[in-house]
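Undergrad: Sequence:
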Amino acid sequence: MAELTQTNLQELCMYLEELYLEGTLISRIGTNTLISVGSDSTTSQHLQHEATHLTNQIQASNSNSLSLIFTGISASGKSDICKSLLQTFHSPHTYLSTLLDTFTHAITSISYNATQSVKLGAFYFDSSGKIIAYEILRHFLLDTFRVTSRNGFNFHIFYLLAKGAPNETINELFLSGLSGKYLKVQKNLGAEINATKGYEMMMKVFKECGFDCDVIASILELLSAILLVGDLEFVQTGLTTCEVSNQDQLMNISTLLGAQVGKLGDALTHVTLQTKTGRHIKNTLTVEQSRVVCDTLARGLYTKLIDWLITKINNKKNADLKGVKLLKVLEIPGFDNTNEANFESLLVNFSFEKINNMLTSFIIRDKQAEFEKEGIGKVSVDPFDNFNVCHLMLDNFRGILPIIDATCIQKTVDPKVIIKNLNSNCGNSHLFSSGIAISVRASNNCFRIKHHLGQVTYDVTSFKQKNLDRTSFNITEIMYNCQHPALAGKFDRKDKVKSVLRQTSQLLNDIITAIKGSEIFTVHCLKANANHELNLFDRKFVTEQVRYMNLTEIIKLQKYGFKYSEKITDFISKYQSIAGCYRNEKPHQTCKRIMLGFSIPECDYIIGKSKVFFSSADSVAILQKVREISFSKAAIILQKYFKGWRARVQFQNIRKSQIIISSNFRAFCQRKNFLTLRTSANVISKYAKGYQTRNWYYWVLEENARISAVTIISSYFRGWRIRKQFKFSFSGNAKVLIQRFFLNLCRYLYLTRLARNLPSLSPVRFDWPDSPRFMRETSDILFKLFHSWRCELYRGMLLRNPPHLLQMKEKLLANNIFRRKKASYPKSIPLSFQGDRLGLSTNVKWKRIALQTGGFTPIVWDSNVLKVNRTNGKFQERILVVTRQDVLLIDPTNFKLLQQFTLHTLKQISVSTYSDGCFILHLSSLPTVTKSTPLKGDLIFMCPHLIEVVAKTSVAVRELTNRNLPVLIRNEIQISGKDGEKIFVEFVYTKGGQYVSQPKRIGNRLIFTL
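Numbering-wise (my numbering), the sequence shown opens with residue 9 and increments by one.
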């Protein structure tokens, strides 16, 4: 374990060099700061020990809000150190951070695993120090243009999918013929990516993190679609028009995204512009412009994929997180001082400067302010401050980033305009230079910022495109309506897209706000040399990093200040019970009593206004050791009482069990003896009862035999006596007497059996029990008498039920009219006549019509019918109502009375012999009732209840006019039309015909075809 205590910059760097050459690549400052030297420090044997020590400090901290920050220049090993340190927590939730690193890390010219994003994650610990949840609080990509770059390397995930996936997965994702325009071939790198092993590890991490197969498939589909977009090729078809040449590739992309092929191809080769009036104008694109649209689509898809993946990770936070400890882990890209600095390098360096300024403020200035606030004096340290650089880059009106952002918003922006605006606002700063002062190529499009870690020259040629990377209206519309779960509804054209500079500045402020107020643990990663050479320590290069990170100031603050501090209330709650202090004392007196009780020298601690400060780690160790010993003693006492209680409970349970077992065993033995005795008693009783029963049975047999013998003797004796008495008078007519007795016996038996088996009282039942041959005539007479009697009963029942009697009369009339004449009559026999089929008697509209036509008359029959037009044979829906006086025809649509005539006017009804529902009402031309409407001839109707309407109408006519209504059953009927016209209605039957088709009018004949 190496702890740094050197307060001189040169001495500190020399000591770090000695440790580096000895192989000790990990050291620490106090308890909250870890130092890593060299990008290969992850293989150091000290890393596991120091990382475990740091994680123990994090878990033992009293604060519920902690922050772990990794800082250092590019290629200093931050990502690997972060991964190794998180693995010491031994929790599957750490795999979520590792999984996201696969999507945001890439190979650069100076590092094989460089982070390309700013990520603020949060681990949630329970009271036992176990991680129960993980969440991404803030995250944003700084280099999405790496997805479509032809020069730089893409993110690791694309190489793992394209080079390491099995052939089956490659074929399912249409990647078998991938040319890989978005995948740069890896050559001359010190660390190659093992794609096959990496893909298998990624699938394993997916499953350990709880992602189901559908989510994994959706992620792989979207990644494949991005790679296939890079392989799209366009051919020029006109001066300013082009089209997609490889349509199969376009179809595969549409299948993966769930979009329509035609619309997607049209969106890639056309652009829709919106005027101020809201009008949309569609223009064609050239090959170069279509390629730009494809790149924009790929970057947009990858951004939405990362957002969706973060949402899925955060949704797994399903535990109750109230009152738990929160550890925020911040990982940012390192300082980039390469020669080819671009827009992404500007954002990376700005984020690096901002975070280091925050660390200087939180670790050093806030600590000094805390000392002054507590009234314990101020430690004299002069930290290195990069405020001037931050102010130059982020000043509200004259800063570099606001000026670039405001200039890029303009419609037509030339790189020279950006340089001009920067010179006019920042030219007076000694940290800024441009133009001739920069001795590089294309100096007119470049400016230089003098960072404290070195000067960096930035080329502004692509600043506008990368700052305002917006998807076209056509692409947004299609992606919004696609079926892919990661994209559906995500591309909303109504959302206002902020510039990248503005988003970066806002998210950095959110990160600083989230970290503020928490206990900070830092891991400073130092790069041993600029060229990644092993066992080479560049002291000048390391000195600049140590100076910039204020490591000497942190050591001074730890050495001459107070390393450890704790709130007075927490301190008292920890040590009051073991120091024997009084409960009602003042907090400061209680603290002093605790210090005296543990023999802590007064020079090792100071009691402030709200905190207790310790300058020596030994004092804290003494307190912790005594507390642990006290806790051990208390634990022993608790264990003693607990073990005694557990032994007593166990003894009581054993004693109770023994009592239960003993009582049950004794009960078992007693029950066994009882069952043996009961079985023996049952056997003895059975034999005794058997003996008694057999004796009684023998006695009964003997008694029955005696009675039988006495009976036989008595009968023989009486017979002998009678024969002797009537010996001379009985011998001549014995045969007659026997025959008479036998016949009387047969009559008696028949009559008694008939009385028990009389048939049903239904008049239609003609079954009758069989009789002897000599009583056939008597049986017929009895059947006639019985039938007459039950018919008399049935007639009496009918007289007591008038509606039923009326229905039987109607049925009888229908039988007399249609029996053996109408084909549909047999089917109507079991059906009862309903009369008011439509329920008009309770209808309000019918009551209104009844009032208009002269009052309420009981309804005999009503139903929906089809009226046949005599002129053309067409059907018309009507409601036919037959009352006791009138016949009414009503329109069912508006319930309007169309025609009315009295039953006096009804002359005859005609029907056919077939099983159709057609009937004709023949009307008299002489009006007999004044309320009748003018008659225009006979009426033809179609109704499925023909038998019922004819029978009920005939009964109503007979009751009203005392005459029988004639019913004509023929297949050719003559009717009267308008003005006395003679029309012949003919019914034609075809084989198998059951339904009447629409009749045809031919001359003066109206033909119905079945």
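Hints were generated in silico from the structure; no laboratory data involved.
Backbone N, C-alpha and C define an ideal beta-carbon position, used for all residues, glycine too.
Take these hints with a grain of salt, some might be off.
Have a look at the derived ranges for each label pair, beta carbon to beta carbon [what the hints assert, rightly or not]: (1) F774 x S716: 19 to 25 Å; (2) T701 x L766: 43 to 49 Å; (3) R406 x Q95: 41 to 47 Å; (4) F734 x N765: 37 to 43 Å; (5) E574 x G218: 46 to 52 Å; (6) K524 x E574: 19 to 25 Å; (7) D393 x G218: 56 to 62 Å; (8) M209 x D422: 44 to 50 Å.
Calculated lysine to any residue pairs in the SDA-like style (CA-CA distance at most 25 Å, straight line) [to be verified]: (9) K324 x S441; (10) K212 x K189; (11) K582 x I669; (12) K792 x D775; (13) K189 x N179; (14) K506 x Q297; (15) K600 x E561; (16) K835 x K853; (17) K990 x G1011; (18) K829 x L814; (19) K732 x W704; (20) K680 x I692; (21) K312 x C416; (22) K904 x S923; (23) K564 x T39.
Undergrad: Look at each hint and say if it fits the structure.
TA: Going down the list of hints, with the structure as the test:
Against the hinted window of 19 to 25 Å, the Cβ-Cβ separation of F774 and S716 comes to about 50 Å, which falls outside the hint. A C-beta distance of roughly 48 Å is found between T701 and L766, which places it inside the suggested range of 43 to 49 Å. The supplied range of 41 to 47 Å is met by R406 and Q95, whose beta-carbon atoms lie about 46 Å from each other. F734 and N765 have their C-beta atoms about 40 Å apart, which keeps the hinted 37 to 43 Å range intact.
Checked against the hint of 46 to 52 Å, the pair E574 and G218 fails, with Cβ atoms roughly 38 Å apart. Hint check: K524 to E574, Cβ distance near 20 Å, so the stated range 19 to 25 Å holds. About 45 Å separates the C-beta atoms of D393 and G218, a value inconsistent with the hinted range of 56 to 62 Å. A hinted range of 44 to 50 Å for the beta carbons of M209 and D422 is consistent with their spacing of about 48 Å.
Between K324 and S441 the alpha-carbon distance is near 49 Å, which puts this suggested pair outside the 25 Å criterion. For the suggested pair K212 and K189, the alpha carbons sit about 28 Å apart, so the restraint of at most 25 Å is broken. Our distance criterion of 25 Å between C-alpha atoms is broken by K582 and I669, whose separation comes to about 51 Å. For the hint linking K792 to D775, the alpha-carbon distance of about 12 Å falls within 25 Å, and the restraint holds.
A threshold of 25 Å between alpha carbons decides the hint, and for K189 with N179 the separation of about 19 Å falls inside it, so the pair holds. Taking the CA atoms of K506 and Q297, the gap is about 23 Å. The hint holds against a cut of 25 Å. Using a Cα cut-off of 25 Å, the hinted pair K600 and E561 is violated, with the two alpha carbons roughly 31 Å apart. Note on K835 and K853: the hinted pairing is violated, with a Cα-Cα distance of about 34 Å set against a maximum of 25 Å.
For the hint linking K990 to G1011, the alpha-carbon distance of about 11 Å falls within 25 Å, and the restraint holds. For a cut-off of 25 Å, the pair hint linking K829 to L814 stands: about 23 Å separates their Cα positions. A distance of roughly 41 Å separates the Cα atoms of K732 and W704; the hinted pair therefore is violated under the 25 Å criterion. Restraint check: the Cα-Cα separation between K680 and I692 comes to about 19 Å, which is no more than 25 Å; the hinted pair holds.
A distance of roughly 24 Å separates the Cα atoms of K312 and C416; the hinted pair therefore holds under the 25 Å criterion. Proximity of K904 to S923 is assessed by CA-CA distance (about 32 Å); at most 25 Å being required, the pair is judged violated. Only pairs whose Cα atoms come within 25 Å are accepted, and K564 paired with T39 is accepted, the gap being roughly 14 Å.
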